[in-house]
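With the hints as your guide, set chain B onto chain A.
Protein chains in written order, with the working numbering: chain A, 1 to 195; chain B, 1 to 512.
It is worth saying that the hints were derived from the structure and are not from the lab. A portion of the hints provided could be inaccurate.
[As the list claims (entries may be wrong)] Derived, one-sided and incomplete: chain B residues facing chain A with beta-carbon distance under 10 Å: (1) ALA139; (2) LEU142; (3) GLY144; (4) PHE220; (5) PRO400; (6) ALA412; (7) ASN415; (8) GLY427.
[What the hints assert, rightly or not] Simulated restraints on C-beta separations: (9) LEU171/A - LEU22/B: 15 to 25 Å; (10) PRO129/A - VAL344/B: 23 to 33 Å; (11) VAL131/A - VAL344/B: 46 to 56 Å.
[Stated by the list, open to error] Quick partial rundown of chain A residues pointing at chain B, CB under 10 Å, derived from the structure: (12) SER26; (13) MET59; (14) GLY68; (15) PHE72; (16) ILE82; (17) ALA118; (18) LEU122; (19) LEU128; (20) VAL131; (21) GLN152; (22) GLY154; (23) PHE177; (24) PHE189.
Nothing here was measured: the structure is a model prediction, and the numbers come from that model. Glycine included, each C-beta is placed from N, C-alpha and C at the ideal position.
As a plain string of letters, each chain reads:
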Amino acid sequence: MKLRGSDSRWFKKVSTVPENNKAPSSFVLTLPTLPTVLITTGMIFLGFAFLFYETFNMMKPILPGYPGDAFFPRLAVGYTLIVAALILLRGILLPRFAAAPGESSHVSVHWLEFLSVAALVLVYAQLLPLVGFELTTFGFMLILLVPRFVVQHGLVQSVVKSVAITIPTVLILYGVFALLLGIHLPLLFLPRYIY
Amino acid sequence: MDFFFNNIGGALDALSSVNLLLIMFAGVSIGVVLGALPGFGSSQSLALLFPLSFVMTVDQSILFFLAVYSAVEYGSSIPAILIRTPGSGASAVTVLDGYAMARQGLAKKALRISLYSAVIGGTTSTLIFIVAGTSLGHAALLFGPSELFAIGVFGLAIVGSFFGKDPLRGFLATGIGLSMATIGSSGFGGVRFTFDQSFLIDGIPLVVVIIAFLAGPEAFRLLVDNRRTVEDKSKVFDATTSDEKNKISGSLVRKLIPTWLRGSIFGTAVGIIPGAGASVGALLAYSEEKRWSKHPEKFGTGIPEGVAAPEVANNAVVAGTLVPTLTLAIPGSGGAAILLGVLVSKGVVPGPNLFRDEGTFVMTVFMGLFVINAFILITGLLGTRLFSLVARVPLRVLGPFVMLLIITGSYAIGNYTAHIMMVLVLGAIGYLFEKIDIPVVPIVLAFIMGPIIEKNISRALTISGGVLEEVFLRPIPIVILLLSLATFIYSLLTMLRARKFESDTEQGNDRP
Chain A
1 MKLRGSDSRW FKKVSTVPEN NKAPSSFVLT LPTLPTVLIT TGMIFLGFAF LFYETFNMMK
61 PILPGYPGDA FFPRLAVGYT LIVAALILLR GILLPRFAAA PGESSHVSVH WLEFLSVAAL
121 VLVYAQLLPL VGFELTTFGF MLILLVPRFV VQHGLVQSVV KSVAITIPTV LILYGVFALL
181 LGIHLPLLFL PRYIY
Chain B
1 MDFFFNNIGG ALDALSSVNL LLIMFAGVSI GVVLGALPGF GSSQSLALLF PLSFVMTVDQ
61 SILFFLAVYS AVEYGSSIPA ILIRTPGSGA SAVTVLDGYA MARQGLAKKA LRISLYSAVI
121 GGTTSTLIFI VAGTSLGHAA LLFGPSELFA IGVFGLAIVG SFFGKDPLRG FLATGIGLSM
181 ATIGSSGFGG VRFTFDQSFL IDGIPLVVVI IAFLAGPEAF RLLVDNRRTV EDKSKVFDAT
241 TSDEKNKISG SLVRKLIPTW LRGSIFGTAV GIIPGAGASV GALLAYSEEK RWSKHPEKFG
301 TGIPEGVAAP EVANNAVVAG TLVPTLTLAI PGSGGAAILL GVLVSKGVVP GPNLFRDEGT
361 FVMTVFMGLF VINAFILITG LLGTRLFSLV ARVPLRVLGP FVMLLIITGS YAIGNYTAHI
421 MMVLVLGAIG YLFEKIDIPV VPIVLAFIMG PIIEKNISRA LTISGGVLEE VFLRPIPIVI
481 LLLSLATFIY SLLTMLRARK FESDTEQGND RP
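The following block holds chain A by itself, in its conformation from the complex (with noise of 0.2 Å):
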């Protein structure tokens, strides 16, 4: 799948950024609608076609007229694969119904600013046990706000901004969570009280 520069059909490279976010930018992977809702169900069906498989390998009712184990699954995955197909018929062979009313003919997704956010609340959620609560979230909020201060302001004033607001907010949410709610956070200097 090429996403930069790609000539195909169904992944273009797109020279602006939606909304008003005014960089240029080659990151944003743009899909058209239909294609991509059909591929996404496809890939649905597929997972639920094994989870309907799986529901045969369940616990057997012990007594006659008990549900047992298999009964709901197969209710509610029979369901779902069964509305997927009927997603997937009417994209094939009606495409002229299948887009929703008044629904965009494609759909664009920032996909490095995605994947840094995911990554970075990966590393977050591995990093809170070892660094400690208060570096850890000192460090995700810097990460985030600088740049995001960094569209109007200068990078010291940006800086200077971000860390005013997330000594402040750490301390919030320590009161919160650790003083106030008495949730086990992993401190690393901020005092711990025993309840």
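Structure of chain B alone, referenced to chain A:
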């Protein structure tokens, strides 16, 4: 009326607790602030705050979340009036006349009308809720497990058809939610869809699903789509002008009374219909008000009725949505789903038996809504200046805070980093689903309703000894199930008709 008189004493006793009053006041204050944040609706706000319910009793948590829910609906009108950005979809209609009033130097007047309308809508619908809820609750006591199963299916059919632009995608979302609810221990001695993963044995925690699907996509949207958004500050209006033309006169109040009454009725009625929600209520009230008006051409130019109608309706929806939530365990909206989730997580089983077994609790909720509306009035009158500042928070700066709250909240569920991962994965899926118009609210609604539906169908089958005809072919269940099928087919036909009309119009426009 027996229900009322038998439980009013206990309810008033519960509400006289200073702790409970402080919790409701805190809920209102937090709710108005969250509502005033542009683009932040009731579902997202309640989902973010869900972890707070861990340390509260059932009375405290339900009243806290009701306070937040009601206050968010009011708070969302603040950015709609001041910066032309509705706090939630429900206040989108308020922009039309609210912002127009602000441009004429009447921002404070518009905010006051919005506040009074919110309180009147909330109070009136609570009165209707007391009558409708108790009557429906008692009628529903006649229902057995087969009927309750059929009602659950009907609820899902309505939820699937209402959310999103395409009913089929809504139905797909309900299927995904129902299937997710079956993961983990079955209650029949086995486990389902765990694939030997120990963290799945207890299933996916409700709070993870709520935070991930309701707050997660919003966090991703703020961080990814609004990372460089710079709002135009020149359009922010001053809400503190205290001149003569910003005063609410007695004649204006008299003029608005019919609007408030009509809006309250529309809002409550829409709230009772599962899936319709505050946005539909506000839109319906606005369009009806325009139809009833002697000067419909003035709507959209900045008239008080244009602010009062949607605001009274979207607040009336809150009490209306509680009727199916508490009596039938069918949540009418994302916010109601979270309220239902709070109840379920506290071991309270919503449904008709709730009125019989937990009468005092139900009455405390009824009476608590009056107190909450009084707090909204006080908070609104005192905090206009502060809340108008909140409305100016840039969207791009809001994102990191929302994501941090989500992470901390999901970690707080048992101090387990696996929950952060679950929220991350499901939240990312929710964000991508919303991009292609697969609605995420039905996933949450179905996830909450799934175990209730399963319990009822299992009970009905056990009672009947596995004879399906006895479960499904009884008069009430078969009528309700046929209604569900009709809802399914009707929503598909309506969508096809709308699409055909759109397609024909496009072709007509393309012709030279």
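message: Please list, smallest to largest, the hint numbers that this structure does not respect.
response: Going through the list in order, the structure violates hints 1, 2, 3, 11, 12, 20, 22, 24 and respects the others.
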